[in-house]
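In the order they appear, the protein sequences are chains A and B.
Using the UniProt record's numbering, the first residue of the first sequence is number 1, and each one after it goes up by one.
Using the UniProt record's numbering, the first residue of the second sequence is number 1, and each one after it goes up by one.
None of these hints come from the bench; they were simulated from the model.
Among these hints, one or two may not hold up.
Said to hold, decoys possible - Chain A side only, calculated, beta carbon under 10 Å to chain B, not exhaustive:
{"#": "1", "residue": "Thr-472"}
{"#": "2", "residue": "Glu-527"}
{"#": "3", "residue": "Met-562"}
{"#": "4", "residue": "Leu-566"}
{"#": "5", "residue": "Leu-585"}
What the hints assert, rightly or not - Residues of chain A placed beyond 10 Å of chain B at every Cβ, according to the derived structure:
{"#": "6", "residue": "Pro-30"}
{"#": "7", "residue": "Glu-119"}
{"#": "8", "residue": "Ser-564"}
{"#": "9", "residue": "Arg-565"}
{"#": "10", "residue": "Asn-590"}
{"#": "11", "residue": "Ile-647"}
{"#": "12", "residue": "Phe-654"}
{"#": "13", "residue": "Arg-658"}
{"#": "14", "residue": "Val-689"}
{"#": "15", "residue": "Arg-695"}
To be verified - FRET-style restraints, in silico, Cβ to Cβ:
{"#": "16", "chain 1": "A", "residue 1": "Leu-263", "chain 2": "B", "residue 2": "Ala-69", "range": "36 to 44 Å"}
{"#": "17", "chain 1": "B", "residue 1": "Ala-104", "chain 2": "A", "residue 2": "Thr-240", "range": "17 to 25 Å"}
{"#": "18", "chain 1": "A", "residue 1": "Gln-273", "chain 2": "B", "residue 2": "Ser-105", "range": "52 to 60 Å"}
{"#": "19", "chain 1": "A", "residue 1": "Asp-314", "chain 2": "B", "residue 2": "Ile-23", "range": "33 to 41 Å"}
{"#": "20", "chain 1": "A", "residue 1": "Thr-10", "chain 2": "B", "residue 2": "Ala-22", "range": "53 to 61 Å"}
For glycine and all other residues, C-beta sits at the position ideal for the given N, C-alpha and C.
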Amino acid sequence: MDDLLRDFLTETAENLDQVDVELVRFEQEPANAKILANVFRLVHTVKGTCGFLGLTRLEALAHAAETLMGEFRAGALATPEAVTMILATIDRIKAILGDLERTGEEPPGDDLDLVTELERAALEARRPPEPVIDPALGRELRPGEVSLDELERAFREAPGPDQDIAPEPQPVAAAPSAPVATAPAAAVHAEAAPAPAAEEGPRSESALAGQTIRVGVDTLDRLMNMVSELVLTRNQLLDTVRRRGDSEFGPSLQRLSHVTAELQEGVMKTRMQPIGAAWRALPRLVRDLAADLGKKIELVTEGAETELDRQVLDLIKDPLTHMVRNCADHGLESPAERVAAGKPETGVIRLSAYHQGGCIIVEIGDDGRGLDVERIRKKAVANGLATEADVEKMSDAQIHRFIFAPGFSTAAAVTSVSGRGVGMDVVRANIELIGGAIDLRSTPGKGSAVVIRIPLTLAIVSALMVTAGGETFAFPQLSVLELVRTRRGGEHVIERVGDVALLRLRDRLLPIVPLRNMLGLEPLPAEKADDVYVVIAQVGEDIFGIVVDEVLHTEEIVVKPMASRLNHIGLFSGTTILGDGSVILILDPNGVAAAVGPSASHDAALTAEAAAPADESDNRMSLLLFRAGSQAPKAVPLALVTRLEVIEAETVEFTGGRMLVQYRGGLMPLVPAGDGAALKPSGPQPLLVFTNEGRSVGLVVDEIVDIVEHAMEISASSYTPGVLGAAVIDGSATEVMDVAHYLTMAYDDWLTRTDRPHEKIESPAVLLVDDSAFFRNMLAPVLTAAGYRPTLAASGAEALVLLRAGRRFDVIVSDIEMPEMDGFAFAAALKAEGLHHGAPLLALSSLVGSFMAERAADAGFHDFIAKFDRPGLLGALETFAPRWRLAA
Amino acid sequence: MSADDHITYVTVDVGGQMFGIAISRVREVFGLERLTRVPLASSEIAGVLNLRGRIVTAIDLRTRLGLPAKAVEAGAMAVGVDYQNEAFALLVDHVGDVLALSAASREDAPPTLDPRWSQIATGVHRLDGGLMLVLDVDRALEFRAVAQAA
Numbered sequence: 001m002d003d004l005l006r007d008f009l010t011e012t013a014e015n016l017d018q019v020d021v022e023l024v025r026f027e028q029e030p031a032n033a034k035i036l037a038n039v040f041r042l043v044h045t046v047k048g049t050c051g052f053l054g055l056t057r058l059e060a061l062a063h064a065a066e067t068l069m070g071e072f073r074a075g076a077l078a079t080p081e082a083v084t085m086i087l088a089t090i091d092r093i094k095a096i097l098g099d100l101e102r103t104g105e106e107p108p109g110d111d112l113d114l115v116t117e118l119e120r121a122a123l124e125a126r127r128p129p130e131p132v133i134d135p136a137l138g139r140e141l142r143p144g145e146v147s148l149d150e151l152e153r154a155f156r157e158a159p160g161p162d163q164d165i166a167p168e169p170q171p172v173a174a175a176p177s178a179p180v181a182t183a184p185a186a187a188v189h190a191e192a193a194p195a196p197a198a199e200e201g202p203r204s205e206s207a208l209a210g211q212t213i214r215v216g217v218d219t220l221d222r223l224m225n226m227v228s229e230l231v232l233t234r235n236q237l238l239d240t241v242r243r244r245g246d247s248e249f250g251p252s253l254q255r256l257s258h259v260t261a262e263l264q265e266g267v268m269k270t271r272m273q274p275i276g277a278a279w280r281a282l283p284r285l286v287r288d289l290a291a292d293l294g295k296k297i298e299l300v301t302e303g304a305e306t307e308l309d310r311q312v313l314d315l316i317k318d319p320l321t322h323m324v325r326n327c328a329d330h331g332l333e334s335p336a337e338r339v340a341a342g343k344p345e346t347g348v349i350r351l352s353a354y355h356q357g358g359c360i361i362v363e364i365g366d367d368g369r370g371l372d373v374e375r376i377r378k379k380a381v382a383n384g385l386a387t388e389a390d391v392e393k394m395s396d397a398q399i400h401r402f403i404f405a406p407g408f409s410t411a412a413a414v415t416s417v418s419g420r421g422v423g424m425d426v427v428r429a430n431i432e433l434i435g436g437a438i439d440l441r442s443t444p445g446k447g448s449a450v451v452i453r454i455p456l457t458l459a460i461v462s463a464l465m466v467t468a469g470g471e472t473f474a475f476p477q478l479s480v481l482e483l484v485r486t487r488r489g490g491e492h493v494i495e496r497v498g499d500v501a502l503l504r505l506r507d508r509l510l511p512i513v514p515l516r517n518m519l520g521l522e523p524l525p526a527e528k529a530d531d532v533y534v535v536i537a538q539v540g541e542d543i544f545g546i547v548v549d550e551v552l553h554t555e556e557i558v559v560k561p562m563a564s565r566l567n568h569i570g571l572f573s574g575t576t577i578l579g580d581g582s583v584i585l586i587l588d589p590n591g592v593a594a595a596v597g598p599s600a601s602h603d604a605a606l607t608a609e610a611a612a613p614a615d616e617s618d619n620r621m622s623l624l625l626f627r628a629g630s631q632a633p634k635a636v637p638l639a640l641v642t643r644l645e646v647i648e649a650e651t652v653e654f655t656g657g658r659m660l661v662q663y664r665g666g667l668m669p670l671v672p673a674g675d676g677a678a679l680k681p682s683g684p685q686p687l688l689v690f691t692n693e694g695r696s697v698g699l700v701v702d703e704i705v706d707i708v709e710h711a712m713e714i715s716a717s718s719y720t721p722g723v724l725g726a727a728v729i730d731g732s733a734t735e736v737m738d739v740a741h742y743l744t745m746a747y748d749d750w751l752t753r754t755d756r757p758h759e760k761i762e763s764p765a766v767l768l769v770d771d772s773a774f775f776r777n778m779l780a781p782v783l784t785a786a787g788y789r790p791t792l793a794a795s796g797a798e799a800l801v802l803l804r805a806g807r808r809f810d811v812i813v814s815d816i817e818m819p820e821m822d823g824f825a826f827a828a829a830l831k832a833e834g835l836h837h838g839a840p841l842l843a844l845s846s847l848v849g850s851f852m853a854e855r856a857a858d859a860g861f862h863d864f865i866a867k868f869d870r871p872g873l874l875g876a877l878e879t880f881a882p883r884w885r886l887a888a
Numbered sequence: 001m002s003a004d005d006h007i008t009y010v011t012v013d014v015g016g017q018m019f020g021i022a023i024s025r026v027r028e029v030f031g032l033e034r035l036t037r038v039p040l041a042s043s044e045i046a047g048v049l050n051l052r053g054r055i056v057t058a059i060d061l062r063t064r065l066g067l068p069a070k071a072v073e074a075g076a077m078a079v080g081v082d083y084q085n086e087a088f089a090l091l092v093d094h095v096g097d098v099l100a101l102s103a104a105s106r107e108d109a110p111p112t113l114d115p116r117w118s119q120i121a122t123g124v125h126r127l128d129g130g131l132m133l134v135l136d137v138d139r140a141l142e143f144r145a146v147a148q149a150a
């Protein structure tokens with residue numbers, strides 16, 4: 001194929017995609033002459049180029065389409081039929097282009113069918129035009145003429161020669177390639193095409209096209225390699241200089257270091273593309289779907305400029321298309337149904353993308369009927385995915401997740417659009433393959449949305465470095481749930497059933513496999529086999545443990561593909577080069593999961609699931625890690641800490657055996673955090689400051705280590721005063737401190753203060769419903785300290801028992817995510833029985849978002865507070881159950 | 001190929017036998033610094049290594065030829081070649097001289113050669129010091145097919 005033809009193909013394919021998008025827009029805004037002019041120009045370019053290359057079939061088609069569009073431009077009404085016809089023409093052109101690409105020649109045959117249709121439509125559209133008298137000419141415009149106004153505008157909007165960056169091919173002057181400019185037809189209409197650069201909004205992307213060049217991906221990959229090499233060389237250089245203590249190179253080396261880092265970032269950036277590139281085909285798709293399904297659908301996109309790696313982009317294109325199809329087909333109702341439901345006729349499919357913590361979140365939602373929980377429930381039972389009894393116990397969210405199960409399709413009738421068996425399971429598999437996660441939410445009658453979390457790039461991943469048999473391996477952090485240290489007689493013990501090793505972790509039995517065995521390395525000696533690290537990983541539904549010798553650290557690694565000769569091994573997804581130049585193999589969580597064996601882990605996980613249905617991911621909280629008295633880290637919920645301070649140890653005063661320090665215009669008592677913790681003799685002394693009602697206390701710690709997000713899983717509380725329990729955080733057992741204990745050490749009356757101005761009145765009674773013992777324990781002292789009388793209930797049922805027994809409360813605070821009876825169900829039960837006696841209901845949830853807030857409001861909650869927003873909760877309590885209320 | 005029908009070979013020693021690798025296929029000759037073992041890989045694969053940012057698959061020619069494996073040490077010599085757009089390193093015992101030999105003096109490999117050798121050695125040159133087998137890089141790297149056939 002010659003270069004000219006290849007250029008033509010690439011260019012035309014792009015132009016046609018653009019035409020698709022523009023035509024759909026045009027149909028929605030038939031009065032927008034700019035869009036029409038744009039479409040016209042694009043089709044015209046195609047026609048011109050075809051003519052030049054002697055592609056007669058294409059030329060004839062493009063010409064016929066152009067003629068019809070010419071009628072629109074002359075003022076004919078753009079009917080949906082006509083637009084459909086043009087779109088069909090575009091499709092035919094694409095088909096011919098496909099053949100052209102394969103064979104290098106136009107396929108034989110003609111397109112008389114379409115051409116005749118188009119010509120007929122053009123004739124029909126040609127009504128007697130209302131005479132438009134051009135004010136400047138004083139007469140009607142002749143065909144092909146353009147009003148002076150329009151010319152003027154085109155002239156104004158076209159960038160002048162002094163603007164050296166030409167955006168988007170300009171009509172004639174900067175037409176995409178020279179041949180077009182010389183094509184005789186090009187000059188005739190070109191003057192009417194307004195400069196697209198002057199267009200605002202969504203066209204900005206193509207306006208950039210003129211400033212970009214095409215670069216082969218392999219070129220970028222090579223660049224990337226060279227940059228990695230540069231980074232390694234720089235590191236070696238830094239190392240050498242450090243060893244020799246030669247400071248002469250210092251400044252220039254530092255400069256080199258900076259430039260290298262910037263270069264690396266820059267090259268990474270070249271791989272990024274706006275996600276809008278994956279969306280380009282969707283307006284057309286939605287339009288066609290709407291026509292096919294007899295629905296009215298509007299597609300709204302947000303965040304199209306959000307950038308992600310080209311490779312990831314390619315991989316999510318199909319899943320996105322599939323989900324949009326689903327929204328149109330299953331999600332949205334017919335116009336009649338919508339009107340009956342009191343909704344606007346036109347349904348909305350909303351596509352949005354944004355960055356969040358190194359990931360991209362893509363949401364595909366509709367304002368349709370929402371998921372039909374009943375139908376999914378029935379279908380799940382019918383398909384044997386769960387038993388009748390199982391589904392009864394499940395929350396709506398759990399039921400919703402069935403649609404990700406293989407072969408699950410809810411469409412009662414199989415339509416041409418979807419319901420062909422490949423469904424959300426394939427979507428989920430594809431998303432998980434690239435290390436992403438998928439979830440969905442739905443409100444009956446209001447719509448549903450699928451939320452996808454995908455890594456920004458596959459080229460760089462955060463990985464956990466582990467060793468086995470003297471070799472180091474990288475395990476992608478995205479799949480790692482937690483690290484567990486097992487020890488004989490320790491908290492976590494490896495149990496053996498026959499040959500199978502299992503790890504009991506918080507009532508779950510997880511299958512574990514030593515990495516050494518999996519990789520055919522020499523097994524660990526038996527005496528060491530129980531004293532190991534276990535990486536708990538999740539792939540899809542499977543949770544399993546991988547036994548490793550050591551856990552080193554996490555590191556951002558640049559992923560390089562696996563050598564073809566090693567691909568068949570299946571346990572590795574690639575290789576990477578570490579800072580010291582050594583090559584490390586990256587373990588493939590999918591391959592490892594397959595090696596562990598899916599059935600075993602499923603069974604173990606499922607039996608455990610029944611025992612502990614609470615979703616772990618919903619129970620995460622931020623913990624502040626610190627050391628005090630011993631090397632073992634301690635933790636305290638970050639939400640309770642008011643401030644982190646560092647004071648000079650010399651400024652601490654001692655009075656009556658108590659430590660005090662001048663703090664914010666007052667004296668603040670200091671308390672050592674745990675046995676053995678003591679004030680440093682001199683120098684900077686870190687403190688955790690807790691403040692409540694204007695009184696502060698400082699906890700003396702040795703060192704503040706980190707802030708971590710951790711599942712709120714605390715093992716059985718110990719009997720050590722001041723310790724709530726222990727949790728495994730980053731692989732080490734960590735004591736979680738009971739803050740209330742230390743507060744009372746500083747002020748004996750912290751929880752029972754008598755000097756409050758309103759103390760004579762009875763404190764408002766608060767009913768706190770939460771399934772997490774830890775959270776109840778954490779919040780109760782806070783509430784007490786704030787002047788409330790908390791009563792705790794571990795479940796909705798328990799709370800109902802209290803209320804039915806006649807207990808009255810001034811305010812009821814309930815967690816939303818609870819097993820069996822969730823917060824919504826609890827609120828419904830209260831309302832049904834009138835048990836709350838008008839007491840305000842406050843919802844607490846770790847899932848924050850307007851969506852949840854709305855749902856909570858619908859369920860009858862007066863306010864919705866993020867679970868760890870302590871000031872927010874106290875503020876809401878103040879509003880709904882003021883402590884001075886009873887004084888009046 | 002040079003105009004006067006000479007082919008230039010990089011000679012290497014594997015298990016005491018001299019092989020010649022056409023210089024047109026040789027990217028470079030280097031000493032190993034560090035090699036990462038790949039668990040579960042076939043025995044011919046000594047491991048992977050980093051050569052200026054490129055991941056290179058190292059093939060142990062001794063194992064490939066059915067000779068007893070020798071522990072790979074740092075400093076071991078390797079011949080870097082490209083095969084189907086991927087980088088490979090052929091681990092050898094020594095790298096010798098570069099010889100330009102007339103194509104006319106090339107003979108077919110003796111039929112009595114071990115099949116594992118004859119698959120790789122496509123010809124032979126008689127030299128003063130003994131025989132030099134001509135190593136066919138493509139065939140040397142096609143061992144998976146060979147292994148399956150065997």
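For the restraint on Met-562(A), tell me whether the closest CB of chain B is nearer than 10 Å. Constraint on Met-562(A) satisfied, holds at 8 Å.
10 Å Cβ clearance of Glu-119(A) from chain B: holds, 51 Å
If we take the beta carbon of Ile-647(A), is the closest beta carbon in chain B still more than 10 Å away? holds, 49 Å
Is the shortest C-beta separation between Leu-585(A) and chain B less than 10 Å? holds, 6 Å
Holds or violated: Glu-527(A) as interface residue toward chain B, Cβ cutoff 10 Å? violated, 23 Å
Can you tell me whether the CB distance of Asp-314(A) to Ile-23(B) sits inside 33 to 41 Å? holds, 40 Å
When you look at the beta carbon of Asn-590(A), is every beta carbon of chain B farther off than 10 Å? holds, 16 Å
Confirm or reject the statement that Arg-658(A) sits farther than 10 Å, beta carbon to beta carbon, from all of chain B. Since the minimum Cβ distance to chain B is about 59 Å, Arg-658(A) lies beyond 10 Å and the statement holds.
Take the C-beta atom of Leu-263(A) and the C-beta atom of Ala-69(B), compute their distance, and say whether it sits inside 36 to 44 Å. holds, 42 Å
Hint says 17 to 25 Å; check whether the CB-CB distance for Ala-104(B) and Thr-240(A) agrees. violated, 52 Å
Status of the Leu-566(A) interface restraint (C-beta, 10 Å, chain B): holds, 6 Å
Is the hinted range of 53 to 61 Å satisfied by the C-beta distance from Thr-10(A) to Ala-22(B)? violated, 38 Å
Checked against the numbered hints listed earlier, the structure breaks hints 2, 8, 9, 17 and 20; every other hint is satisfied.
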